[in-house]
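Below, each chain spelled out in residue letters.
Protein chains: 2
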Amino acid sequence: MMRIKVHLDKRLSESHEICIGYDFQDRIGLLIVKDHPANRYVIVTDSNVSGLYGKNFLEKLRDLGLPVELLEFSAGEGSKTMDTALALTSRLLELGVDRHSLLLALGGGVVGDLTGFVASIYMRSVPFIQLPTTLMAQVDSSIGGKTAVNLPQGKNLLGTFYQPKRIFIDLKFLETLSDDEYLNGVAEIVKYGLIDEPGFFELLEKEVPAIRARNRELLEKVIERSCRIKKGVVEIDEQESGFRRILNFGHTLGHAIEAASNFTLAHGKAVAMGMIAAAGISVESGFLTPAERDRIEKLIGNLGLPVRLPEGISQSAVLERIALDKKKEGSDLPFVLLKKIGIPFISKGVDKSLLEKILGEMKS
Amino acid sequence: MMRIKVHLDKRLSESHEICIGYDFQDRIGLLIVKDHPANRYVIVTDSNVSGLYGKNFLEKLRDLGLPVELLEFSAGEGSKTMDTALALTSRLLELGVDRHSLLLALGGGVVGDLTGFVASIYMRSVPFIQLPTTLMAQVDSSIGGKTAVNLPQGKNLLGTFYQPKRIFIDLKFLETLSDDEYLNGVAEIVKYGLIDEPGFFELLEKEVPAIRARNRELLEKVIERSCRIKKGVVEIDEQESGFRRILNFGHTLGHAIEAASNFTLAHGKAVAMGMIAAAGISVESGFLTPAERDRIEKLIGNLGLPVRLPEGISQSAVLERIALDKKKEGSDLPFVLLKKIGIPFISKGVDKSLLEKILGEMKS
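Protein chains in written order, with my numbering: chain F, 733 to 1096; chain P, 733 to 1096.
Please note that a few of the clues may not be correct.
It does not matter which identical chain is used: a pair holds within one copy or between any two.
[To be verified] Distance condition first, Cα-Cα at most 30 Å in a straight line; then the derived DSSO-like pairs of lysine-lysine: (1) Lys737 / Lys953; (2) Lys1072 / Lys737; (3) Lys904 / Lys737; (4) Lys1080 / Lys897; (5) Lys812 / Lys904; (6) Lys1095 / Lys1030; (7) Lys897 / Lys963; (8) Lys887 / Lys897; (9) Lys812 / Lys887; (10) Lys812 / Lys737.
Just so you know, these hints were derived from the structure itself, not from any lab.
Generate coordinates for the entire structure from the input sequences, incorporating the hints supplied.
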């Protein structure tokens, strides 16, 4: 047997920038002109965002002389499919988009995940920029390069790790968010306080009224710190080999609760309950103090997120869903717990009886 | 505006090994056991290779105690679609394949490209190994990490750059190849002699009878040198930013000729004519000597590949196809030409009248 070594060792420089501002779409346009030359630009957005911001942004870029088009698809998680990805691909081919073109993902998590996925596989990848319009996308899904589409068998089953060239976060977009959409982002922000910075958690405790009032100055600060925490985790473990899983704090149970509600419950609300449950498990496992758990529950409640399981969601439906996820993952479903506020760790698994007890205590 | 830098600079060590041997599937099994532990293994193959080699290989791996399954799809370029990729994905989900599993692509270019593509997007990537069974896949498509599926609008329009964990080249597989399939690989081998090593070209000239007889010792040497040349190019320019395009020598016109034949002409034969035409253009452009061009044509003819355009293929159909590709690429269709045998360069474009002249001279 003969052996030939293929050396693809290399230094990859894939750094990019998150730019945060308020109502700065003119400046975004100028930065795109200056830093991201391309033969064609395509804004990809959904039917909600298109009317609110897409068409204006298209005009702004055209006024700068850029050759830009806008593609939209129906808003909602139901569009995060391979069918939509293929429909977008066909439109991109019609527009003559090639590897020297640039896609602009303008929207929430669905738009970002789907556009990123298409960008990563279209002609073996074209560059793209994230322009997240929801609080959740701004503090979470636009950062870190996870792209995906759903399959009938489950969420995010096909996807890639593919980084955007830049992320522009305009706080202006938040003004049109529904309360549920806004709270989806708030839940992720609380998570950052719990998994990384006790000081950030304390700031959130102090600023509950300003957060609820969507105070612009405070939001800018909170979004910046959230982005710094998320990017810090991603820098250490881009492809989720281990450490990046701490970002799933509250999400294992959160997803189970969301699924048990047949996705009628907003993601942020489900994650809020998942975080309280994870805090409860952390106490029962001898790590977190009961006082810390109470602080967590209090902050979550004060922010307008639920702290008890809604009536329609049965404990057994949640446990069933967890069992299903467990089966998928092999025997160990990794569970993120807290040693203290700001100090998470990944636990190999949690007893069913303990889960039952904690969920029982969370019944409304 | 606030700016946060996301630093994804890193040293990527993605080296892997090409192992070449004859009838060494037992050893391949042992190397997989030793070097590629996984919770599940799935051989992906096509309906031709499955009966010839797939089921035997499955038994060999099972005898070693590995948890392994085999998935097959219909043989042929027609299967290189997103539909097949999605069907494979469904089967992988049923089998419980996750990021700790390993796919084994056993087959020719279609199997390798498709399996690599699925591996690159399934749950945001699972590792895979290439086991190329055709000469073309062994010397060309299994090396370099290009994966893809075709769309109705064109070939390889969706895909990724995604490297296998290892490539096992077993010469035993070549014994069941049809002449056309074998010649597909021979054409690529001639290409390596033209774009990289004059010494290799001379070896091919000397060993025509042994190549035609599929002499095992010689083939082993020729495959090894071809793999070294291909991997050398890929190491310099993995994602085809520029240099890697020299691998397209003979392929721009080759693809046009293949398309003009409605894909009735084997790829290798079309590439052979494309190489002769590119050599002719190189002479007319004042680079290659006529004597060198004649040596190229002579070698290609002696190896059993065509040196004249077949009757059914019109010059104008080929030119039309070139014009179409040119439109797709923007104004400059890069054309790989030769300064000398072994010294290629990328030319920005070729005059239509020169193309016409060269194609005219190649009419049978």
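Now the hints, each set against the structure:
Taking the shortest Cα distances, Lys737 and Lys953 sit within 30 Å of each other only across copies (16 Å), while inside one copy they are farther apart (49 Å). In this assembly of identical chains, the alpha carbons of Lys1072 and Lys737 lie at most 30 Å apart only when taken from different copies (29 Å versus 47 Å within one copy). For the homomeric pair Lys904 and Lys737, the shortest alpha-carbon distance between copies (22 Å) is at most 30 Å, but the shortest distance inside one copy (52 Å) is not. Taking identical chains as interchangeable, the C-alpha atoms of Lys1080 and Lys897 lie at most 30 Å apart only when they sit on different chains, with a minimum of 28 Å there against 35 Å within one chain.
Taking CA atoms no more than 30 Å apart as the test, Lys812 paired with Lys904 passes inside one copy only; the shortest distance there is 25 Å, against 45 Å between copies. Within a single copy, Lys1095 and Lys1030 get their C-alpha atoms as close as 16 Å, which meets the 30 Å cut-off; across copies the closest is 83 Å, which misses it. Taking CA atoms no more than 30 Å apart as the test, Lys897 paired with Lys963 passes in both settings, with 14 Å inside one copy and 28 Å between copies. Within a single copy, Lys887 and Lys897 get their C-alpha atoms as close as 25 Å, and across copies as close as 27 Å, so both meet the 30 Å cut-off.
Taking the closest pair of Cα atoms, Lys812 and Lys887 come within 30 Å of each other both inside a single copy (9 Å) and across two copies (25 Å). Taking the closest pair of Cα atoms, Lys812 and Lys737 come within 30 Å of each other only across two copies (29 Å); inside a single copy the shortest separation is 40 Å, beyond that limit.
Hint check: no violations occur; every hint is consistent with the structure.
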